[in-house]
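Listed here are the chains, written in short residue letters.
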Amino acid sequence: MTDAKKTPAETAAKRHKMKMFFRIFGYMFEHKVLVTVAVIIMLSSNAFALAGPYLSGKAIKAIEPGIGKVDFGTVLFYCALMALFYALSSALSYLLSVTMIHLSRSIVARMRQQVFDKLMRLPVGFFDKNQTGDIISRMSYDIDTINASISTDLLQICSSIITIVVSLVMMILISPLLVLVFVVTIPMSVLFTRYKSKKIQPLFRKRSAKLGELNGYTEEILSGHRTIKAYHREETMIDRFDGRNDESIDAYYNADYQGAMIGPTVNFINNLSLSLISMFGGVLYIGGMIHLDAISTFILYSRRFSGPINEMANIISELQSAASAAERVFRLLDTEEEPADAPDAMVLVSPRGEVTAENVRFSYTRDREILHGISFEAKAGKTIAIVGPTGSGKTTVINLLMRFYDQDSGKICIDGFDTLGITRESLCRAYTMVLQDTWLFGGTIAENIAYGKEGATREEIVNAAKAAMIDDYIEGLPDGYDTVLTEDGINLSKGQKQLLTIARAMLPDCSVLILDEATSNVDSRTEIRIQSAMAKLMEGKTSIVIAHRLSTVRDADMILVVRDGSIIERGTHDELLAVRGFYASLYNSQFS
Amino acid sequence: MRTYFKYLKPFLPRMSVGLAIKFAGTIFDLLIPVMLKIIIDDVVPKGDERMIYFYGGIMIVCSVLAVVGNIIANRMASRVASESTRLLRHDLFVKTLYLSCAQTDRFTIPSLESRLTSDTYNVHQFTGMMQRMGVRAPILLVGGLVITMVLDPVLTLVLVATLPFLGASVFYIAKKTVPLYRKQQSATDDMVRTVRENIQGIRVIKALSKTDYERRRFDGVNRALMKREETAGLVVSATNPLMNFFLYVGLTVVIVIGAFRVNAGLSKVGTIISFMSYFTYILNAMLSVTRMFTTYSRCSASMGRIEEVLSAEAELPVLMSPDGEETEAVEGAPHIRFDSVTFSYNGKKDNIKNVSFDLYRGQTLGIIGATGSGKTTLISLLLRFYDPDSGKIEIDGRDIRYVPRNELYEKFGVALQSDFLFADTIRENIRFGRDISDGEIDTATVYAQASEFISEKEGGADFALAIKGANLSGGQKQRLLISRALAGTPEIVILDDSSSALDYKTDANLRAAIAKGFGKTTKIIVAQRISSIMSADLILVMDGGSVIAAGTDDELRSSCDIYREIADSQMGGAILD
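Going down the list, the sequences are from chains E and G.
Residue 1 is where the first sequence starts when you use the numbering used here, and the numbers rise one by one after that.
Residue 593 is where the second sequence starts when you use the numbering used here, and the numbers rise one by one after that.
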């Protein structure tokens, strides 16, 4: 395809690619000083190395007189100088590596941190749509690939350019006519690499994507390994894994297959120019237009000249794979974040905890509305219970209160302030919660409990654990509170995990407490025993409770009965029983 | 690395052909400078234009042969690398899936995950590179040495004398870097674990405004990884400068000794000059070899991690009876029997103490007890995720340790606490790769009280679940898991606290449906709600790993204080009202 016929899409793609390279190099420019130092070291190291042949030439000249006439003084002098220069050059090149390693590591660490920070700012829904393994693959494999390119390619390009320019100038000085050979071969190289890179880029992109998918799949399967064992479905999972494995291996192979051509082909073009030079040069010599020693010097320089061009071929394929990796990383970095706090967003300071919802509508996907105009009011310090069949939208209400999602229409207020106009951080500080999904991280038990309150003392931690009736269990562990929880705390039962998260919720001071099925996995005797602690936890706080065990909601000041995304009944327990409606039938079913 | 070569072995013939082609290609590459030398030294001075074209033509032919050979060889190399990695990764995954639960806990999931992906990826890269450079570099090296040897053996010996230094330093560095790379890999594991944890706990983290804290935590892990990467990098990158230094010092010595030899009339200046041009070949070849060594140390570190998994001893093997015969079901034996079973996760504190019970075909067992009393552990033992430390578990009179796995697990339909739903259709999540018809799946969803909400989903049973079933509510997820357990009418259904998110009405309907449709199935139900297990034929009340009471609802109400307490706490309220 000629340039004239380029479609707008292609130009846009090209511009996009350029932008991406600029973005990668943007990271380097943040370390201007270090980059400059690196370039200077590289130049001086090259200079020392290039001085070598000159010095050896001098030494050899001193040997030239022949038998018995060698000027040993000069030979030894230049040889000592050579040794010194090469030592310096080696030392400098190591120094250069050290600088580059430091540089590239800083960049990589920064990229990883950026991606992580980004993850923290993404809306919760992002993680429901993207495989954890794929995200991890971007943070490890893709960023590593970018790094491999940054740490070597820039310097390579610099030193290549120097060599190319110097050799070209020398060649032109020796014989402008012979340089004409390159008029044939250089365009060949350029055309070939351009053609190839167009072809290879999508292959590398696919290779990155497939590796990410494989990682995602592996993650998914390994998390379910117990269930797989229980059903003895290993074979099936292996079959499916093989499918992904094949895809990823094939993608690697396809990229490699095309990539395998680049090196030899560029080498071929170099050999071709060499052949042409020797023929053409020979003819010129016969025509008396060039001296023999000029031809051999020309060839020496042309070898120097083609060296970096050869390297360029490698660099191009490295850049290709770095570009695909960067695309994946940047795409993640460019994902739309949670809407930022409005510039005039207020910081909520010690709220009383009055929560109101006014005609709130919400849908996760455009086509299906989950909440159809919900309104309620929770006075400060009161307890509101939300009950209803599963899938009726109870957890969604919580999601909106915490601003994990924003409602489509309607208004949610805390202390009369629209939550959309409050900074997220201060809004979240107003809440503490115990969720259905118990989440513990790989730290000690004490750290896990203290998670909600920075700088909590050991005493506070132990008291919280005592109140949550988990203290005995913890004390029974070999390391007590310093026991490290591994891998989701796999040998803790779900109920114990829930008790730990309840203990965690005891620590921070908040005005609103959210309990989403907080005790669903705790046995009822323990539940009764922690009731006083729960009461203390709820004391003075506005509590929003979701529970199936209707005994837990009986004492609520207000019960909202939700069904299919609407509130169909509301009132106290006694009021609702008296109506003999949906609540009453739910309540009675537990005795059937 | 022994395992590594085991995986390459089947490809040896193909590899040899590829390497042979590579060899030929490289030889053609090497012929080009030889032709060049002939043209310039011999042909051109004679002024024979025809011969110039002749030799020039040969050069071009050589170039063509070299490029064709090299491309073919490189592609064959990619093929071999891909195929061997495919096998390796497959085997590693198989092994990983068959690891016992205890082993999986020890390795940790993130680490297994990175062994399956990054580590195999490193091996893949090395295998390709080794074949591409492994032939070329030695040929250039040996070729260069042979030619210099012909020129002047004494001077070549000087150069050869540097090789032990080179070899020693490359070997030393490679040896040193293997453990460094391993440390780097395990720091990567830490980084991955942190990211994974954060993604899983994102709701809690946001709710508790801990994003800054998590950012700092990640910063620590990230820095640790960076440090490890730097340490490994600093050692590895010493290779090239050292290599250059030794070789060039060797060259300098060559000139000095050359000077003496020329002075003594043993050598010529011209020899020294051409010696120096071949020296470049040797140097480049050496650099390639060292590059291979550094990639090798990375590959070897990865391979070590892979081998660790592959060579993990298979735990919980299926035992053979002393006479080598397969054990057989005993007529009239209880369907499930626990005989004084004791078990501990860590070998210190017993998590299950001396549990015994008999359960007959078609009966229902209910297990109730405080959080952490060992209910789930009991189920894990029955499913043979772990073996008891003492005592035994029998199904149909056969010790389950003697039952082949496919036979054992065919009997069960299980809904576990830690639910596992994956991104696929509802139907596939229920089928779970088993040989179960759509009709059976539909029936199961009816029993599990799931058919209604499924039919409301777009596409019904073809509705695609999000990752981990994130687009379903807690109760919907549980009903899918129960459908999975019921589908295909297994011999034994185990529901481990799997209706906790259901409202009482749905739960009651579920119980009634199971009682009606699964009369011949033995059912084990772990629950917090007394109503879920009240009608069971046998109820075990557990506390601290022991069964403190067993019996029917009536019996327990009169004999067991704790049971009565639980029952009253859950049911009593209504009576008072």
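If you're looking for bench data, these hints aren't it; they were derived computationally from the structure.
Don't be surprised by glycine CBs; every beta carbon is placed ideally from N, CA and C.
Worth double-checking, as some hints may not be accurate.
As the list claims (entries may be wrong) - A short list of chain E residues far from chain G (calculated; beta carbon distances all over 12 Å): (1) Glu30; (2) Ala87; (3) Ile135; (4) Arg194; (5) Glu354; (6) Ala533.
To be verified - Just a few of them, taken from the derived set where beta-carbon distance is under 10 Å, the chain G residues facing chain E: (7) Leu628; (8) Ile631; (9) Pro702; (10) Leu755; (11) Pro756; (12) Val762; (13) Ile765; (14) Lys767; (15) Met868; (16) Ala962; (17) Leu975; (18) Arg1019.
Now for the hints, and whether the structure bears them out:
1. In this structure glutamate 30 (chain E) is separated from chain G by more than 12 Å, as the shortest Cβ-Cβ distance comes to about 16 Å.
2. With a least CB separation of 6 Å from chain G, alanine 87 (chain E) falls inside the 12 Å interface cut-off, contrary to its annotation.
3. Under the 12 Å C-beta cut-off, the non-interface status given to isoleucine 135 (chain E) relative to chain G is violated; the minimum distance is some 7 Å.
4. Distance check on arginine 194 (chain E): its Cβ is at least 19 Å (rounded) from any Cβ of chain G, clearing the 12 Å threshold; non-interface status holds.
5. Every CB of chain G is more than 12 Å from the CB of glutamate 354 (chain E) (nearest about 19 Å), matching its label as outside the interface.
6. Every Cβ of chain G is farther than 12 Å from the Cβ of alanine 533 (chain E); the closest lies at roughly 14 Å, confirming the non-interface assignment.
7. With a least beta-carbon distance of about 6 Å to chain E, the hint placing leucine 628 (chain G) at the interface is held under the 10 Å criterion.
8. Taking 10 Å as the C-beta cut-off, the interface hint given for isoleucine 631 (chain G) holds, the closest approach to chain E being about 5 Å.
9. The closest approach between the C-beta of proline 702 (chain G) and any C-beta of chain E is roughly 8 Å, which is under the 10 Å cut-off, so the hint is satisfied.
10. At a threshold of 10 Å, the smallest CB-CB gap from leucine 755 (chain G) to chain E is about 17 Å, leaving the interface hint violated.
11. Annotation: proline 756 (chain G) was flagged as interfacial toward chain E, and the flag is violated, the nearest CB pair being 18 Å apart, outside 10 Å.
12. Interface restraint check: valine 762 (chain G) against chain E, minimum CB-CB distance 15 Å, threshold 10 Å, status violated.
13. Nearest Cβ of chain E to the Cβ of isoleucine 765 (chain G): about 12 Å, over the 10 Å cut. The hint is violated.
14. Checking lysine 767 (chain G) against chain E: minimum C-beta separation of about 19 Å lies over 10 Å; hint violated.
15. Annotation: methionine 868 (chain G) was flagged as interfacial toward chain E, and the flag holds, the nearest CB pair being 7 Å apart, inside 10 Å.
16. Here the hint on alanine 962 (chain G) is kept, as its CB sits about 5 Å from the closest CB of chain E, short of 10 Å.
17. Evaluation of the leucine 975 (chain G) hint against chain E yields a held restraint, the C-beta minimum of about 5 Å falling below 10 Å.
18. The beta carbon of arginine 1019 (chain G) is not positioned within 10 Å of any beta carbon in chain E (closest approach about 14 Å), and the interface hint is therefore violated.
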